Amino acid sequence: MKPHLFLPFLLFLIGCSDPSSDEASLPTIDNTAEVEAYYEANPDFFKFKTLDDLPQDLTWVDGSDLSEVGSPNALKGGTETVRLADFPRTLRTVGPDSNGSFRPWILDDTSMAMAHRHPESLSYYPGLARRWAVDEASKTVFVELDPEATWSDGVPITADDYLFIFWFFRTSYITAPWYNNWYESQYTAVTKYSDHLLSISIPELKPDTDSKVLELRPLPRHFYREVGEDFLERYQWRFAPTTAAYVLKDDNLVKGRSIRLTRNKDWWAKDKKHWRYRFNIDNINLVVIRDTPKVFEAFKRGDIDQFGLTLAEYWYDKLPDSDPAVRAGYIEKKWFYNVRPRPPYGLWINSDQPLLDDQNIRLGIQHATHWQLVIDQFFRGDAERLNTANDGYGPYSHPTLRARPFDITQALAYFAEAGFTERGPDGILQRADGTRLAFTLSSGYEALKDILTILKEEGAKAGLEFRVEVLDATAGWKKVQEKQHELHFSAFGYSLELYPRFWETFHSANAYDKAFLDNGEVNPDRSRKTQTNNLELLAIPEMDSLINQYRAASDAETMMALSHEMNQLHHDYASFVPGFQTGFFRLGHWRWIRYPEHFSYKHAAGATQHFVHWIDESRKSETTQAKQGGDSFAAQVIVYDQHRAR
Amino acid sequence: MIKLNPQTRKKLARFQKIKLGYFSFVILSLIIAFLSVAELFVNSRALIVHYEDTWYFPTYADFHPGTEFGLDYTYETDYRALKQHFLDNNSNNWVLMPLVPFNAYENDATGGIMKPRPPDPERGHYLGTDTTSRDILARLVYGTRTALMFAFAFMVSVYLIGIVIGCAMGYFGGWFDLMFQRLIEIWSNVPFLYMVIIVFSVIPADASIPIRIFLLLSVMVLFSWTSMTYYMRTETYKEKSRDYIAAARVIGAGTPRIIFRHILPNVLSTLVTFMPFTVVSAISAITALDFLGFGLPVPTPSLGELLKQGTANLRTAPWIVTAAFGTLVLILTLVTFIGEAIRESFDPKQFTLYR
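Sequences listed follow chains A and B, in order.
The end of the first sequence is residue 646 by the working numbering, with every number in the run present.
The end of the second sequence is residue 1355 by the working numbering, with every number in the run present.
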């Protein structure tokens, strides 16, 4: 009998062995031939020409007149300690587990694209490109790469590194369907004229045609020669050569504990106009501390240099202006109002669930959720009511549309329309057949769970019951991606774009496999489409056609009008309860951390996003001495409201 | 009247003599008695409303909409406001509120801002409010009640399964015993916490709070019954070979009768000594699970959730952690004292010559 009992354990042990640990034993791969063959097989997409073929009438732009980012007073040097909530599961920047809180450190916030939007004016300043030109007739953007640009390992950056992304992001090796789809559908051709001159074409002209191309980041062709079937394991812990100022050296990664990024002193862009006063700190020590209260204590001790104070609880209670360290000027508090697309925090109603498919119920829910109380009590009046799912896009956002207010009478009227007329013994509305007006309200935001309890308490007054379900972030997101939710409290992190996207969230193609029959009627056998951002299962033929017009439109006026129309339609359908928006960020930092005069930029998402801060070592020792001697400095609690919406 | 056998009476008398344990028992009983009618003391619903010569007792009744008392809304009456309303109007109507006029769920944000407030007897928040401006005393009372109910249900279920399987293993022996031993060995190696996490991730969204609590209980029982079986098995083995069992068998008693009438009463003393400690471990487990966020669903009041809030706000709101920690220490100490006393009074070794 005994040998049999061991079997399951043996299997278990085999299942646990880590294939990535023995990288040396991996077979050698060289994908040069495969990539070249792919280029040859798609001659309409990958084109090779000479400089003589370049159109002569191009208007080149180089963005060099835009103001510098950062302060000329910035000093280089020092070490900053930063908290990581979780250790990254991979150093890859694409593929499963790669899109975590660590990626911005090696990709989103630090690496260079061809050009970047200036955080003050939204125009482009040069990155890897020296100059660029948009040719509207051929829907093509021409780019001349800076010949000085190199990877962190010294290899020059060339047009080949850009051609390569159209192979890499389209392969199935990377296991990233969104990338596959984006790079297959959003670009129509890439042409290499010389090592430093290329052009990329897109299917439709847009008010921001240039952004589609200029924000592309290259991939080090020489580093990814071994990409193949085992890409995920092979590249799991390899740090790729980067265009960023920060590099990760081999022995600076302690798995599960910390990662130290060091400033590349030979970074090619270190003297470039828009880059020279940024990325000032020599070492960035990323330390895993899971518990936020613990991080705050570490911050107050000075072990961590900066701490986000956007939550009212921290700004007013845990680090009030009367705190000894703030009063003595050791810790400075900054409050900065910014202008950018607002994450649409609110309730996403799954309109394919029983009861919730009834518009009257959805309208009732709109009036039964007391967001104003959330804003007053939880945010202490600092946040504002969100009005549509696309606020913060300037003229593209609807100018007059307002979210429906909390109103018990109106809510009860709508619920009555849907047959909920009587209150049960606990005060919750019910139909004559005993159906209760109760829904599950789920969320993956542990830190915002108090909001849900407020909504629950207030909803009960309108006879509506919310069963609150707080999940961890991953489980919560999985639930909505599987479209298993009833109501879900969540938001999308929108990047800085000129105009909102509608296809992802509102198009029926992202709601059902085949939402409508060919004759336009609702397909009775349609099944929910999972893993998309249409969280409301919104499928309205009129909306689909508006989205198609919007995608095909190229002038701003038309797109604005369409955007307003779609937001109105979305508002009428009532499947999204707009919640709140915070028009600012707040930060606390020790006084040795220094920021430019105006602290941050109009369109910045956070103070550290552009790496314009620096460490002043002399102030650090001054502060340490002052702390010991009980001396103090002038308190610094500053509100920068020059960009505040009025 | 139940006639206890002299042995048991002696044990009980001995228990009564151990003062620490006995008084702990009395205090815990009082606490349980109080908790079972907690709605009369800690509640946002009034005890008595006298309105237009009619008497209302809302505590255990269906909800009364505001319109019933001449107010302009159809949802549950705000009795605190109603009391003030009647006082202001100088009418004959009056409201008698419980000692703590809050329930465990409502946000009572003083000044319209949600934050923890220190104890304020004037407003009725005797232990202050938590981070969501809910009354801590109310949450403690109902949280403790849930924890105790949970612990007792846990104990009963674990013992029921443990006794039946343990006795059967000891009594039947042979293949049956061998098989269950191996089964238990494997089963007890399954990590309990992971199982709770896995099970909780697959619970359907529309499960109500009682169903969730029941599922949590089931999972915990499912992974805790094993330890009890081994004690029962050895005890039964021992008793089985005694002469009185042989005698019973000769008289013609069947297996169930022998197990439940003859063996069980004789192994009960072992069992009884374990009970309080099982309760302690159950309370600790549910508190720990809540603390980790895998326990009772939000916003159910619970000790673990309060502890978590408390540790997150140690500097700004020390009263949260004090209240939760104090309660936990009190309950666990009481139960442990009782357990020690029971163990001592039921210990057969007192009669041996070795003492």
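Think of the hints as simulated: they come from the structure by calculation, not from any bench.
Treat the hints with care, as some may be off.
To be verified - In silico SDA-like cross-links for lysine to any residue, where the CA-CA straight-line distance does not exceed 20 Å:
(1) A:Lys456 / B:Val1321
(2) A:Lys456 / B:Thr1110
(3) B:Lys1308 / A:Asp616
(4) A:Lys192 / A:Phe169
(5) A:Lys449 / B:Arg1123
(6) B:Lys1308 / A:Phe169
(7) A:Lys461 / B:Asp1062
(8) A:Lys461 / B:Val1321
(9) A:Lys294 / B:Ala1109
(10) B:Lys1308 / A:Lys461
Stated by the list, open to error - From the derived model, a few chain B residues whose C-beta atoms are all more than 12 Å from chain A:
(11) Ser1036
(12) His1064
(13) His1085
(14) Ile1113
(15) Arg1134
(16) Tyr1244
(17) Ala1248
Just so it is clear, the structure is predicted and the values come from calculations on it, not from any experiment.
Ideal Cβ placement from N, Cα and C applies to all residues, glycine included.
Whether Tyr1244 (chain B) stays farther than 12 Å from all C-beta atoms of chain A, as the label says: holds (35 Å)
Quick one, are Lys1308 (chain B) and Lys461 (chain A) close enough, alpha carbons at most 20 Å? violated (29 Å)
Would you mind confirming whether the straight-line C-alpha gap from Lys1308 (chain B) to Phe169 (chain A) stays at or under 20 Å? violated (44 Å)
Can you confirm whether the C-alpha distance between Lys461 (chain A) and Asp1062 (chain B) stays at or below 20 Å? Roughly 15 Å separates the two Cα atoms, so the pair holds.
Is it true that the CA of Lys294 (chain A) sits at most 20 Å from the CA of Ala1109 (chain B)? violated (27 Å)
Is the Cβ of Ala1248 (chain B) more than 12 Å away from each Cβ in chain A? For Ala1248 (chain B), whose nearest Cβ neighbour in chain A is about 34 Å away, the distance exceeds 12 Å, so it holds.
Assertion that Arg1134 (chain B) lies outside the chain A interface [Cβ separation over 12 Å]: Non-interface label fails for Arg1134 (chain B): nearest chain A Cβ at 8 Å, not farther than 12 Å.
Verdict on His1064 (chain B) as a residue remote from chain A, using beta-carbon distances over 12 Å: violated (9 Å)
Does Asp616 (chain A) lie within 20 Å of Lys1308 (chain B) when you go C-alpha to C-alpha? Distance of about 38 Å is beyond 20 Å: violated.
Quickly compare the C-alpha distance for Lys449 (chain A) and Arg1123 (chain B) to 20 Å and report which way the hint goes. Between Lys449 (chain A) and Arg1123 (chain B) the Cα gap is close to 26 Å, so the pair fails against 20 Å, i.e. violated.
Does the alpha-carbon distance linking Lys456 (chain A) and Val1321 (chain B) stay inside the 20 Å limit? violated (25 Å)
Closest CB of chain A to the CB of His1085 (chain B) still more than 12 Å away: Per Cβ check, His1085 (chain B) is outside 12 Å of chain A; nearest 17 Å; holds.
Of the hints listed earlier, those the structure fails to meet are numbers 1, 3, 5, 6, 8, 9, 10, 12, 14, 15, in rising order.
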